[in-house]
Structure formats: C-alpha cells, structure tokens
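Student: Build out the structure end to end from the sequences listed, making use of the hints.
Each residue of the sequence shown is one higher than the last, beginning at 1 in my numbering.
Calculated from the structure, these hints are not laboratory results.
Hints are supplied without guarantee of correctness; some may be wrong.
Stated by the list, open to error - Straight-line C-alpha distance at most 20 Å; calculated EDC-like pairs for lysine to aspartate or glutamate:
no.: 1; residue 1: Lys55; residue 2: Glu22
no.: 2; residue 1: Lys128; residue 2: Glu189
no.: 3; residue 1: Lys179; residue 2: Glu154
no.: 4; residue 1: Lys85; residue 2: Asp29
no.: 5; residue 1: Lys214; residue 2: Glu189
To be verified - For each label pair, taking beta carbons as the anchor points, the in silico distance ranges come out as:
no.: 6; residue 1: Ala263; residue 2: Glu81; range: 23 to 29 Å
no.: 7; residue 1: Tyr181; residue 2: Gly43; range: 15 to 21 Å
no.: 8; residue 1: Glu81; residue 2: Ser271; range: 42 to 48 Å
no.: 9; residue 1: Arg200; residue 2: Asp113; range: 19 to 25 Å
no.: 10; residue 1: Glu81; residue 2: Gly184; range: 37 to 43 Å
no.: 11; residue 1: Glu21; residue 2: Glu154; range: 29 to 35 Å
no.: 12; residue 1: Gly139; residue 2: Glu255; range: 40 to 46 Å
no.: 13; residue 1: His37; residue 2: Asp113; range: 37 to 43 Å
no.: 14; residue 1: Glu255; residue 2: Ser224; range: 19 to 25 Å
no.: 15; residue 1: Asp69; residue 2: Gly27; range: 34 to 40 Å
All C-beta atoms, glycine included, are put in the ideal place defined by N, C-alpha and C.
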Amino acid sequence: MYKLGFPVWYGYGFEISRIIEEARDTGFDYIEVSIDHPWPRGGEPSLDEVVRLIKGSGLSTGFHAPWRDLRLSSPFEEVREASVKVFEKIALDLSVHECDYLVAHLSTDQAIDRIYEIRDEVVEAAVKSAETLAEICRGLGIMFLVENVREDLEMFERIASRADGVCLDIGHVIISTYKGYGRGNIDAELERWLTSLRGRVVAIHYSGVKFDGKYVRDHQLTNSSDRYLRILRGHLGELRPRYILLEVFDGVGEEHAWPRQLADALRFIRSS
Numbered sequence: 001m002y003k004l005g006f007p008v009w010y011g012y013g014f015e016i017s018r019i020i021e022e023a024r025d026t027g028f029d030y031i032e033v034s035i036d037h038p039w040p041r042g043g044e045p046s047l048d049e050v051v052r053l054i055k056g057s058g059l060s061t062g063f064h065a066p067w068r069d070l071r072l073s074s075p076f077e078e079v080r081e082a083s084v085k086v087f088e089k090i091a092l093d094l095s096v097h098e099c100d101y102l103v104a105h106l107s108t109d110q111a112i113d114r115i116y117e118i119r120d121e122v123v124e125a126a127v128k129s130a131e132t133l134a135e136i137c138r139g140l141g142i143m144f145l146v147e148n149v150r151e152d153l154e155m156f157e158r159i160a161s162r163a164d165g166v167c168l169d170i171g172h173v174i175i176s177t178y179k180g181y182g183r184g185n186i187d188a189e190l191e192r193w194l195t196s197l198r199g200r201v202v203a204i205h206y207s208g209v210k211f212d213g214k215y216v217r218d219h220q221l222t223n224s225s226d227r228y229l230r231i232l233r234g235h236l237g238e239l240r241p242r243y244i245l246l247e248v249f250d251g252v253g254e255e256h257a258w259p260r261q262l263a264d265a266l267r268f269i270r271s272s
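Tutor: And the structure:
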C-alpha cells in the first residue's frame, strides 16, 4: 500500500508546525519538504526543527531538491556542472536525516518545445546529470527520483532510466499537453504516460488544475469529482506507486492550502 503525503516549503514559515499536525490528523502518512533557500543550512524554522516535528508527529519525510536557479539539463556545461555541485552539497546535508526519497527536476530554460534541433543535446545533458546525481545519492543511502517537468514522454523515459525511479507529476503532463495539443487531447496523453511508465513509478505528484484561457495552473485543490484524479485512481493498481503526494499549495482565495481541505481526495484515493 502507498503512503499519502502533503507538501510544505519554507514560505509557510512557523505555520509549518500547524500544517504538520493537521496533516497527521487528516490521515496523511508523510510530509514532502521542498528544500528552498535558505534551507537546509539556515532559516527559521530550521530544517532540523521541521524534520523533528514531522518525526514527532509519527509521519515520515520525503525531500524535494531545490529547482530554482538549478539547471541540471542545461546544454551549457558550466551551468550544468555548477548545478550538480549545488545538488551534491545539499544532498550531503540532507543525508543526516532519515527520508523516503529525494526527488529532483532536471530542468533547462531552453525552448525545447520550439527548437527541436536542441532536444538531443538537452537530453544528453540531463542523462549525464541523472547518472551523477543517482551515484551521489546511492553513496549517501538516499533513493533518487526524477520528476517530469516539460519533457515529452520519449525524452523523459531516456532521462529517468538513469535514476532509482520515476516521480510522475500529473499536473505537469496536463500543462504540457494543454499547451502543445489542446485540452481535448489531455485524457489520451495522460493515459499514454500512465501506461508507458508502468512498473517504474515510485512516487506520484497530484494536484487539481485550473484552466484559465490559454493558461492552466496546477497545485490547486482537488476532490473526488476531479476527472483526472479519477483517471489516475483507475491506474493505481497497475502502477503500484509507493508514494502519492497531493501537491497542493493554493487554497481558497489568497490563503495557502490546508491538509483538511484534501480529506475527500484522501478518502477517494484510499478507497481504490
């Protein structure tokens, strides 16, 4: 059976303790901590304090590697190597904590969706980084997962094969498909990802999405009426993930999400 998780990040400040407590009371099993600067070495509350709170609540911890400023798929070797060095330093700091996994984006700012001739170069950079990061994490006893961001399925499969496993972000698939092929193609493309990655998915990131003109936003609240959550639930038996993160940050109005707002989605997933 999979664990169900809720995310926290440094921007929540001292509300993190209340969020962790509510996540436990709502029925979540783990907290995924996003390592945003100044974590892991600085900040208030400190990362050490947050991990202690999680453990004290009877929950386990997953880590999301920093993605702001890190470009692990950059075709500029100097940028890629610098990003790898930052990742290595942070992974070493995180290794003192017991964790379920460490997930990373292998990103670039290059226009891979418009300039097709650079795609192989970007994939080669990503593969090189994935191999190095996996080796670093194995040496530290950490399970390393690669998360899809803007890659198409074929690109992502080449990259993710170098990691310990896949973190499938459903919202990212929906956004990329909507931008490239339109809303009418989302169901079929999502089915394609879910089928193709069967047997390799260790973790899933799921959130509701909001369509707003030519844009679509993820990290929204979700519940049992969400059509994409229903599609995902129909595949859980064959995917057999170990972790499902309800990666929701946006709540009602201007407020951030709270774990209790996902109680219906939690029950719906557990009933599969």
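Student: Holds or violated: are the alpha carbons of Lys55 and Glu22 at most 20 Å from each other?
Tutor: It holds: about 14 Å lies between the C-alpha atoms, which stays within 20 Å.
Student: Does Glu189 sit within 20 Å of Lys128, going by the straight-line distance between their CA atoms?
Tutor: Roughly 27 Å between the alpha carbons, so the hint for Lys128 and Glu189 is violated.
Student: Lys214 and Glu189: Cα distance at most 20 Å?
Tutor: Roughly 18 Å separates the two Cα atoms, so the pair holds.
Student: Would the hint linking Lys179 and Glu154 be met if the CA-CA limit is 20 Å?
Tutor: Distance of about 17 Å is within 20 Å: holds.
Student: Taking 20 Å as the top limit, are the C-alpha atoms of Lys85 and Asp29 close enough?
Tutor: violated, 32 Å
Student: Within 37 to 43 Å: is that where the Cβ-Cβ distance between His37 and Asp113 falls?
Tutor: violated, 28 Å
Student: Can the suggested window of 29 to 35 Å be confirmed for the beta-carbon pair Glu21 and Glu154?
Tutor: violated, 43 Å
Student: Could you see if the CB distance from Tyr181 to Gly43 stays within 15 to 21 Å?
Tutor: violated, 41 Å
Student: In this structure, is the beta-carbon distance linking Glu81 and Ser271 contained in 42 to 48 Å?
Tutor: Given a distance of about 47 Å, which is inside 42 to 48 Å, the answer is holds.
Student: Indicate whether the distance between the beta carbons of Gly139 and Glu255 respects the range 40 to 46 Å.
Tutor: Since the Cβ atoms of Gly139 and Glu255 sit about 41 Å apart, the hinted range of 40 to 46 Å holds.
Student: Does the beta carbon distance between Ala263 and Glu81 stay inside 23 to 29 Å, or does it fall outside?
Tutor: violated, 45 Å
Student: Would you say the C-beta atoms of Arg200 and Asp113 sit inside 19 to 25 Å of each other?
Tutor: The hinted range 19 to 25 Å holds for Arg200 and Asp113, with Cβ atoms some 24 Å apart.
The structure fails to meet hints 2, 4, 6, 7, 11, 13 from the earlier list, while all remaining hints are met.
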